[in-house]
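All chains should be built: construct the whole structure from the sequences, respecting the hints.
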Amino acid sequence: MELTLLSMRVLLIDINPFMPPVTPISLGNIAAVLKASGHEVEVMSLGSNSMFSPQGVARFLKQYQPRLIGFGTYQRNIPHVRALAQLAKRVLPECRVVLGGPQVTFMPDAAVSALPEIDFLSRGEGEQAIRNIAEAMSHGVGGQPIPGVTTRKEGGECITGPSIEVARELDEYPSPWLTGVLDPAAMDESIILTSRGCPNNCCFCYTPAAFGPGTCSQSVERVLEDLAFVSQHGTGRLWFADPNFSFSETRVVEILEGILERGIASRMWIETRADMLTPQLIELMKRAGVHSIAMGLESASPNVYPALKKGIDPEQIEQAARSAIDSGLDVELFSQFALPNETKEDALQTLQFVMNCGVKIQGNSNAQQMHLYFGTELYSNHRERGIKPLRDDLPPYLAIGGAFETDWMTSAEIKQVETAWRAESADGGRRVVS
Amino acid sequence: MRNWRQPFGHTPETVYLFLDPAASARQRSSTFERLRAVLPQLNWRSHVFAIGKGEADHLSAYGEILRITSEFLEQNGFATLHVHLLVSLNAGDGERWLTWERLTAAARPFQVRARVLMSEARLHIAPIITPSPDVSVPEALKAAEFFNSRMALPSFYLPGGLLPELQNRAEAEEMRFFLDPGRHGLTSQLWMSHVLETALDRVEDDVGSLLLPCRPHFVLDEQSGMAFSCFRHWDAGGDGVEFGTNGDNGFQLPAAPTDRECPRCIGNAAVSMRDNLSANRREKEGRAVYFKVAVGLAGDGLYEEAAASAHHAYELSDSDHDRATTLIHESLCLRDAREFEKAEVALDLAGKYTRDKGLIAYYHGKVQVEWRDYIEALDRFEEALQSDSDQVPVADMYFEMALCHINIEEYAEARLYLARSLEDGEKKAPVSFYHGVCDFAEGKIDTALDHFTEALSLDPAEEDLGRVLFYVGACYKQMERFDEAVVVLEKAVAADPDDITNHNLLGFCYYRLKRHEDAVVCFRRAVEIDPKSGIDWANLGSNLRDLGRINEAIEMYRKALSLDPHIEFARQSLVKLTASE
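Taken in sequence, the protein lines are chains D and E. This note's numbering puts the first sequence at residues 1 to 434. This note's numbering puts the second sequence at residues 1 to 581.
No lab work stands behind these hints, which were simulated from the structure alone. The structure displayed is predicted, hence computed values, not measured ones. Here a beta-carbon is modelled for each residue, glycine too, at the ideal position from N, C-alpha and C. Among the hints, a few may not be true.
[Said to hold, decoys possible] Computed footprint of chain E on chain D, listed as stretches where at least three residues anywhere in the stretch have a Cβ under 8 angstroms from a Cβ of chain E:
hint : region
1    : 34-48
2    : 57-71
3    : 320-332
[Claimed, not checked] Computed cross-link-like contacts, DSS-like style, restricted to lysine-lysine with a CA-CA straight-line distance of at most 30 angstroms:
hint : chain 1 : residue 1 : chain 2 : residue 2
4    : D       : LYS415    : E       : LYS284
5    : D       : LYS286    : D       : LYS344
6    : E       : LYS532    : D       : LYS415
7    : D       : LYS360    : E       : LYS284
The following block contains the structure:
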């Protein structure tokens, strides 16, 4: 028997205590799916400089009366998410709370018992999971496993539904821009997310576990539609948040050429791969409105980078960076320290490498300590990889994060590396994109 | 979609609670109730200052305040509260430390929880230590270390000025100072500090944002039982709301301030906090703020305050280029404040920090223009021309030189410099206008009219439009084409309704067209603008006379002559009218 989906009101919140509010693109994608399914959705992005009071939140909740509240969740905002969820439950005891996001997908089931104010953990692709939750709530289906979701049965027992398959055709999902869920005019800069997954298998990254070995993406036509809308209605400043925007050189070229053909006026930041950055591509990027490119370096030390499985060596990156800088593009290099096999000297070698490339140490080029999150290869076997957690009192919903030292660097040395980077930083070590 | 910076409307982020040493138990209890009601209305990252009037501390009240804030944080784990408590420090005052220990203990559970959860949400206690004059530096440092070791960030309120040894340790101990050499009191220091901190936060923003109302705050005054939406309202004793009025929790916050006094307040804060910036080693940030505030205040016409702020920017500058730039700006503010001698002194000082003597000469010239010493101004501009400066805006200077020559009635030279101020083929409304002024002054009305008409066609600035129209009207009047003059002068009046000359000239043209009723309206408006304008009272009299309103005309002529006995036509008309009476 096919059930008819009843409409409900959903509130999706992204709270980032460390940065000003940014486009909540992932929540926007989820909201677009909910809206297309007949639900009423509001998306809210709260950042470090957002001004809101507990009473303001409570008043809004009373007025909006959401039945379901979803939070984009990651390691460092969980305490804020929990507290907001508790406030929501005080104001609206009947509402249900779901957590989604990278930290939640691989969070252990035991976390649910430590999160009494949370009703659902969304595992895997949020669009499908939240639709399943909404459907289950609409029909009052209690205690049954929900695909892609962990929930709590009466009595506190955890129940996790079957996995949901990762979508291979992202065009099936409606656009958060074109559906009006997100408004580019409300933001200083827009974020575009055109693909999921990554062909690489970096040991510190959760993407391979979340999306499998392949990559799925929106069609070039769909990307251009979104870009045209965002550029026309927003400030024209945007960046691509794909885990690996440049997984296909052909696709990148088609998108850039499409931007030129359609006269889409944007100033763009894009992540790219060093081995595809030819003079021709740089020229095309510039003409299409790219002002800044970023490349993943992680480490420049030969003692470190082979084990990261990035498949690109630092010499290629240096050459690409110099070429781009000479052409007038701003270049950013992502790097980390406290990686496996990395001594303090190795880490400082990376700092020197970045400076030698002519890259300014600022924004995303400020290195940060590697963080260990649920779902990454390193997290799974961190002790074997020389990672020594410093804490044994973490609640089950928190991963190790940065609370570790390694067989090669003590906490003090990690701090010294951080200080060395900050000393060379033009902006005090403030990262723009996490 | 909501505004993500302020999704639920006005949200104060700081409350200044001024405790009254003489408060009754009932008053105090009421104060605590209000604080309890206020906390949920504050921003999720907020500051609470608990300050006793007269700088006395209120250790007995602090325990309850911390209990209330702790309860609030237990319920709202996403919030961070900084509770600033004034604590007195007297020589040999060991017993106090036990009390302080109890105070700081209130924050400990939140510190532990924050560490366990890797969260930054917590309770911060930030004592403001006020050492008595007999407290030694080691004692003060010991107190600071006591609080630092308990993660309570201390600051010092020092009405007697800064103790150098204390400052030397300030950076290592992360202490800050509230200096108060003028002994205006801690509340004044907090006020000025709040305003300046807002400006420092906005230093990257545009100048206009810098002068907007400061970070939302309000003052709870236990003594009066009132709450105020800003320090200035509290200081002035107005626009407060009483405790216990409507609201979700029995207490409605006062509305946000919106008035235009903010720039002056920011200017005052910038000037009065100068020593504090140095004491807290924030000169670099301060310089940028002072300069931007100076630019903003000058834009708001607050030239004296702007000059003072520019001077502080100069004092905090760390390069000769910055010193010269800030001094030049100071001189221009002083010039606009009609403080010409001081403006010249500032420029002389600026000259010591730059090799570009031409640029300094140029600005001297601009000061002299305003001082109306056109000969001196021309000498200075010539000096700038003779220099090898590539910074002097030559076109602008030629234009200024032309105006100088016009003012000393050297029209041929004026035309020469007007022409030089333009690139080949370039046209500018002001240049065409002043060509017209030269011709008009020399009685070449036809060509003057051409120039003024050209100026009109070149889209003059809004503030210049009335003047250009006036001169077009004046040309028609000279040509006795009064109908055309009236059409243009009516537009001049619309563009610049407070310019008395527009009303005067339009009234005259109406008079010549025998439109006496209209002329009366014009001259009445003229004497409204300047009640001491004898000629306009006389003109009013003539039009009333021609309307047959003789008694009123006589009254107007008498008024005119009382103001200016040399208006001959008024005297003669008065004689005739009174003779026929």
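Structure-based check of each hint:
1. 34-48: holds (count 6)
2. 57-71: With 4 residues in contact (Cβ-Cβ under 8 angstroms with chain E), the coverage given for the region 57-71 of chain D holds.
3. 320-332: n = 0 at 8 angstroms, threshold three: violated.
4. D:LYS415 / E:LYS284: The hint holds at about 27 angstroms.
5. D:LYS286 / D:LYS344: The given pair, whose Cα atoms are some 37 angstroms apart, is violated under the 30 angstroms limit.
6. E:LYS532 / D:LYS415: Between E:LYS532 and D:LYS415 the Cα gap is close to 77 angstroms, so the pair fails against 30 angstroms, i.e. violated.
7. D:LYS360 / E:LYS284: holds (22 angstroms)
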